[in-house]
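S.K.: In order, the protein sequence lines correspond to chains A and B. Quick note on my numbering: the first sequence kicks off at 2 and runs consecutively. Quick note on my numbering: the second sequence kicks off at 4 and runs consecutively.
Quick caveat, the hints were computed from the structure, so don't treat them as lab data. Careful, some of the hints might be misleading.
Said to hold, decoys possible - If you want the ones that stay clear, here's a sample from chain A, every Cβ over 10 Å from chain B, calculated:
# : residue
1 : Val62
2 : Trp164
3 : Gln213
4 : Arg255
Said to hold, decoys possible - Short derived list, chain B residues pointing at chain A, Cβ under 10 Å:
#  : residue
5  : Arg21
6  : Val25
7  : Ile53
8  : Val54
9  : Leu56
10 : Leu125
11 : Leu129
12 : Gly130
13 : Thr197
14 : Val202
15 : Ala234
Treat the numbers as computed from the prediction; the structure is a model and nothing was measured. Ideal Cβ positions, reconstructed from N, Cα and C, are used throughout, including at glycine.
Each chain, letter by letter, is given below.
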Amino acid sequence: MRRRADAAVRPRSNRDSRIGGLISLVIFLVTWEIVTTTGLVPDDVLPRFSAVATTWWDMLVSGELVRQAASSLSRQMVGFTAAVVFGVSLGIVMARHRAVDDFAGPLITMILPIPKAALIPLVMLWFGIGDAAKTIIVFLGTILPIVISAYHGAASVDQVYIWSARSMGDDRPTLLWRVIFRAALPEIMAGMRMGLIISFIVLVGAEMLAGQGGLGWLVFYSLDNGAYRVTYAAMLTIAAVSFGYDRLFLLVSRRVLHWAEQSP
Amino acid sequence: MNVGYDRLGRLLLLRMQRVYSVLLVLAVWEWAARDSVVNPFLLPAASDVIVNLWRLVMEGRLLFHASESLIRVSVGLVLAVLIGIPLGLVKARSRLADATLDPVLAFWFPVPKVGLIPLAMLFFGLGHGSKIALVFVDALLPLVIATYHGALRTDDRLVWSARTMGDSELQILWHVVLPAALPQIFTGFRLAVTVSLLVVFLAEMVASSSGLGHVMIYALRTLETKDVFSALVAMSLMAFIADWVVLALRRRFLAWHA
Chain A
2 MRRRADAAVR PRSNRDSRIG GLISLVIFLV TWEIVTTTGL VPDDVLPRFS
52 AVATTWWDML VSGELVRQAA SSLSRQMVGF TAAVVFGVSL GIVMARHRAV
102 DDFAGPLITM ILPIPKAALI PLVMLWFGIG DAAKTIIVFL GTILPIVISA
152 YHGAASVDQV YIWSARSMGD DRPTLLWRVI FRAALPEIMA GMRMGLIISF
202 IVLVGAEMLA GQGGLGWLVF YSLDNGAYRV TYAAMLTIAA VSFGYDRLFL
252 LVSRRVLHWA EQSP
Chain B
4 MNVGYDRLGR LLLLRMQRVY SVLLVLAVWE WAARDSVVNP FLLPAASDVI
54 VNLWRLVMEG RLLFHASESL IRVSVGLVLA VLIGIPLGLV KARSRLADAT
104 LDPVLAFWFP VPKVGLIPLA MLFFGLGHGS KIALVFVDAL LPLVIATYHG
154 ALRTDDRLVW SARTMGDSEL QILWHVVLPA ALPQIFTGFR LAVTVSLLVV
204 FLAEMVASSS GLGHVMIYAL RTLETKDVFS ALVAMSLMAF IADWVVLALR
254 RRFLAWHA
């Protein structure tokens, strides 16, 4: 294929990228099937795709997959929602109140470099290995990017909006809600997406380490039992669920931000 | 004199303003653990954690594990840079590459690659290999995406000038597009480093017999809680230093950039 004209790339249409996606998926699956049926990759390391698909279907019908996915998703949703509510409020208040910024800012700078993985053993030590502990891990893992994006969003609100709202008689809470929160929303959504992606990483990690159900647990439990087909089916489910979740989030955020010039 | 003192006082006040909450939290932590307001088993005093960290360093164990983690992160990152940046450049310059890579990236970007730990273990074993592979896949995507967006921003006139002066397509990539994309590449690289550390520690916790992640989870399982906290401090230090190095490199390579 010839190199394209030097002008910035014209955006591909949605249809193009959907067809491209389908083609790469088919190529991927066919390659998988071929390397396994020809014995290029031993069967105990990588079961055939058709075998994994059958297992996946059986687990879906038996309700096992749905149960584990629901268990993971409920932990993710509670922790993530709490992080959004708390993180957005903290970020906005920090941006608007000097004293809060002076107090919380340095603390956040201090804990920011802690790799999120390190939270898992710590939370296990304090809260055990149940649902609550995993929800807390998701909460702690996702809150920082949300706080930071809300802070930046709220700190860079156009002063003119604030003056206009004040001159029209908005009091403080109304101003925060009607002007600052909405103006900060594009940044907040971008931070939320970051948090969303991290939430799946730490959640799957925590489930692998601490068990007690969930897709991450299923991956490891089946691996320990040598049920590799289940392992692969579970890994595929993790990929599908997190991808679908992210797509849904992008869809909602485009809807919510239809007024903004650029959505994340 | 008076003015001098005044200024000094204000400067001190400003410094205090920037750290007082950290000092306060550390003090409360220390006091709570020392006076057993909280169980020191669950929250060892800050000073004990630091002393314990020093002990672990002196025993040489910690440095060994830190270097294991460092090797895995570095090798994975170097591979990701060597492959990710060219991929991003090609994706920005060729429509075919763009069309094939885009759906793959769109799919893998939000997927937690730690879910693939078993796959990495089955293919590459429990040692360095599986962690390097995981770091690689996790660091690759931010690099490709950042390079792609950076390369798209290249000023066309620069490309045209280079072409008039007889540069080949490859030379243009190397001399024009790559430097133009560098600011974005560094942003992506910084994210890649953060993610790499997260992933390597996580993978070491799940399945490894070395590395800082292993130290932390082993300490938890043997209920050596001081070691858990010391490992956490060590990990954070490593992440902090890594980020500092990235920023220093950025200053060095982007001195020309605003």
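S.K.: Does each hint fit the structure? Answer for all of them.
M.R.: Structure-based check of all given hints:
1. The Cβ of valine 62/A lies farther than 10 Å from every Cβ of chain B, with a closest approach of about 22 Å, so its non-interface assignment holds.
2. Separation of tryptophan 164/A from chain B is adequate, the least Cβ-Cβ distance of about 28 Å exceeding the 10 Å criterion.
3. No beta-carbon of chain B comes within 10 Å of the beta-carbon of glutamine 213/A; the shortest separation is about 15 Å.
4. Distance check for arginine 255/A against chain B: the nearest CB is about 15 Å away, which clears 10 Å, and the non-interface claim stands.
5. Taking 10 Å as the C-beta contact cut-off toward chain A, the hint placing arginine 21/B at the interface holds, the least distance being around 6 Å.
6. Nearest Cβ of chain A to the Cβ of valine 25/B: about 5 Å, under the 10 Å cut. The hint holds.
7. Violation of the interface hint for isoleucine 53/B is found here, the shortest Cβ-Cβ separation to chain A being roughly 14 Å, above the 10 Å cut-off.
8. Residue-level restraint check for valine 54/B is violated (minimum Cβ-Cβ distance to chain A is 19 Å; threshold 10 Å).
9. At about 14 Å, the closest approach between the beta carbon of leucine 56/B and any beta carbon in chain A exceeds 10 Å, and the interface hint on this residue is violated.
10. For leucine 125/B, the shortest C-beta to C-beta distance to chain A is roughly 5 Å, which falls under 10 Å, so the interface hint holds.
11. A distance limit of 10 Å between C-beta atoms decides the matter here; for leucine 129/B the minimum to chain A is near 12 Å, and the interface restraint is violated.
12. At about 16 Å, the closest approach between the beta carbon of glycine 130/B and any beta carbon in chain A exceeds 10 Å, and the interface hint on this residue is violated.
13. About 8 Å separates the beta-carbon of threonine 197/B from the nearest beta-carbon of chain A, less than 10 Å, and the hint is met.
14. This hint holds: valine 202/B has a C-beta 7 Å from the nearest C-beta of chain A, less than the 10 Å allowed.
15. Taking 10 Å as the C-beta cut-off, the interface hint given for alanine 234/B holds, the closest approach to chain A being about 7 Å.
Against the hints set out earlier in the document, violations occur for numbers 7, 8, 9, 11, 12.
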